[in-house]
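Participant: Chain A is fixed; fit chain B onto it per the hints.
Chains A and B, in that order, are what the protein sequence lines are. Each number in the numbering used here comes from the position in the first sequence (counting from 1) with 261 added on. Each number in the numbering used here comes from the position in the second sequence (counting from 1) with 261 added on.
Hint data in this document are derived by calculation from the structure and do not stem from the laboratory. A hint or two may mislead.
Copies of the same chain look alike in the list, so a pair counts if it works inside one copy or between any two.
[Claimed, not checked] Derived DMTMM-like pairs: lysine to aspartate or glutamate, alpha-carbon spacing no greater than 20 Å straight-line: (1) K400 - D322; (2) K495 - D450; (3) K318 - D395; (4) K630 - D322; (5) K441 - D542; (6) K547 - E466; (7) K399 - E319; (8) K454 - E561; (9) K495 - E451; (10) K660 - E672; (11) K547 - E506; (12) K337 - E307; (13) K399 - D322; (14) K548 - E506; (15) K305 - E336; (16) K337 - D396; (17) K400 - E319; (18) K679 - E520; (19) K548 - E466.
There are 2 protein chains.
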Amino acid sequence: MLRREISRTLRIKSSLPALFTKECRNYGTSYSTVHQEPSGPQIKTEIPGPKSKALLKEMMDIQQCGSVQIFANLEKSAGNYFADADGNLFLDTYTHISSVPLGYNHPALLNAFSTDSDVRTLVNRPALGVFPSDDWPKKLRNVLLSVAPPGLHHVMTMMCGACSNENAFKAAFILYCTRKRGGRTTFTDEELKTALLNIPPGSPELSIMSFKGPNRNGAFHGRSFGSLATTKSKAIHKLDFPTFEWPVARFPEYKYPLEEFKRENEQEDKECLADVEDQFDRWEKKKPIAGVIIEPIQAEGGDNEASPEFFQELQKICQRRGAALIMDEVQTGCGPTGKMWCHEHFNLQSPPDLVTFSKKMLTGGFYFKPDYLPPQPFRIFNTWMGDPSKLVLLEQVIKVIKTESLLQLVEETGKILKSGLHTLETEFPFMINSVRGRGTFLAFDVATPELTG
Amino acid sequence: MLRREISRTLRIKSSLPALFTKECRNYGTSYSTVHQEPSGPQIKTEIPGPKSKALLKEMMDIQQCGSVQIFANLEKSAGNYFADADGNLFLDTYTHISSVPLGYNHPALLNAFSTDSDVRTLVNRPALGVFPSDDWPKKLRNVLLSVAPPGLHHVMTMMCGACSNENAFKAAFILYCTRKRGGRTTFTDEELKTALLNIPPGSPELSIMSFKGPNRNGAFHGRSFGSLATTKSKAIHKLDFPTFEWPVARFPEYKYPLEEFKRENEQEDKECLADVEDQFDRWEKKKPIAGVIIEPIQAEGGDNEASPEFFQELQKICQRRGAALIMDEVQTGCGPTGKMWCHEHFNLQSPPDLVTFSKKMLTGGFYFKPDYLPPQPFRIFNTWMGDPSKLVLLEQVIKVIKTESLLQLVEETGKILKSGLHTLETEFPFMINSVRGRGTFLAFDVATPELTG
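Isolated chain A (complex conformation) (with noise of 0.2 Å):
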């Protein structure tokens, strides 16, 4: 194996495969240009091009954009092709940061708010929490609910998936106190008095646990204060912000190919869930785990997979002791598994807790157990609690899925494409090895920074 030598991994995340033209056949769409996917990538200048060199100086006028890399021409854009500014084409197996769910300018997008009411939805956009509008409950379970996990039927909507991480945490943390005050759903004048002055029994000391391996980097839950800190991907994230202390537990770093390191793997799996065990022994006095937060696949933290024996065990300890499993969907939600929801593969005995999810659902938000129902209003709150204009696209979304068997052909694709690569892996050894993933959401990892291009 060449695991000592592994430098980079290579992902690739092209979650609903390119119907792009099939979809256009069949849309009896109204748009005036819409493109047809491209035959293949085409490149004309050097990365970044002329273009983008030139309007980043522009940008770097106005803000820090170091982190941009080519500006897009979101006319020619188009499938699963992005093209630049300086008329390249791209073939975007990242799906834009897992954001873009049915490839560019799809057609029933760009005919999406083709009625007063989606575009009123879309310019009065209300404070959701207190005024939304009278189709609001209709869109929530249309919507919504119409592909919740299996198991679960209550969700709330919020901006973005940090903001929705944090919200599970709340939730998560309610119930958890809610519990200890022996279901007391009042408050008492302590506890009013020093929530406001920041201290316990108000603000009592709790933690939320992430996961990190060893020696690949680990969890990715947002940016935000609270996210943050459970986020263990990069450094850069995180350095200079202060943060909470918070238990981190070890996330399984399996030897590949699966089939032949069976043994080791399992023992790893141990391994993993004796340490969570473990941290939860050792924070219960200095700050207690209300909850524990992991994502189906480590996204960000280089695509580490875990066992649905693993997430079996993990969420029988949760269960066991009283904290709230989160199943961070961010980057896994939407389809690009093969399921809707990622850990539908693990056949946990329920559904977990709590599932955040965002990006490629294009809002924000987490469907939840009835348990995590706050006792009071204005909990789980904040003025606008997402974007009703972002439902009626996740409408259209949705719809294309189910009409067009997108997650079907996800599997049967992901399927041919992770037998390539094993057969690439085992002819090519020296050079990718660990080939891992489920649907298309699949990795390996290359032997030098050169070889991933």
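Facilitator: Just chain B, lined up with the frame of chain A:
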């Protein structure tokens, strides 16, 4: 004075007065069903009416939505009038939690997405920190920088007010730490390693100071975990959540009418500024203060205002102490005080270091001095970094504000309204008092809760 009996504050935050009918005339709107603004409020049912009650019951099956008061009928809402599901019409002096800048269904907004390019912006939401579209630098300049606070020429976009404030905190922490490192812009192995462990020196013990009155509620800066640590308005936002213990200084509490209590209020300013200095001293060893966040008018805290002199002196203290002055204009920005930014009333000797916005601006974000440009990319960063489709709407909002001289109108209307309220408090001192605010962002106290109606 009725100071001791005061139990409720009534607020009037109609930002940009109802020029809806005028707008309808001026815009050759192509939108099919723009309603005229109603001639007045109309209450047909009990509040909430039977339809709102039925919808609330339906929604309670999906989430905790006890905060929902009534459901909107977006088709019938027009201008300053909010229509509910039961056919009631309300004069919305709160502009939908300060989020509707030009009233409901403004024709300029209904027709905003008129070009293919705008629709593509809406449908292909880019990751702005990595792959913005080729028109983005121009949009930043022509839309957001066209209304930048005087003296500020840099801007970052974000999703909402809370994440705008948190990213302003991050900018403050980055500059504070960079200075402390003597300008070094690389990181030591220890810093990189400890940042991932959530401990110093990588994740240092630093703080942001916010404000609270001794008798009134205090600051509101959002509900995500970082911003929530600085929020001091209501315990219900904070209960059961772990938080940062961070410094809080006294926000002035004035006696009204201002001209009658000039000496007392000057003394109040002095005491509050002394408290600010005191906090800097007290936290220096424990958790040094890297930034001070303050609202130009504490909105959720009860419309508490402070004098220009207070803000001028506060800025001097921040400069002397090397802490960022973060002006939270999430509620006060975009016109309601008669200036685009409320802090323009304060004649500061230089702009605030960071000015955050959201709500009426329709997009989150913050303006900042060039010192606050992080030396590295990916520091102030997330997947979406805002939403360009909101700038399509904001561009129209700004156009209407300028074309119709709405800021001037707010100033004139506000003067008339405030003068009327002053007459009322003179005539009925046992009912209302403490008239205060700027532009149409006005408030007064009433003697008993019943009087709030």
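Participant: Enumerate the violated hints, using their earlier numbering and listing them in ascending order.
Facilitator: none
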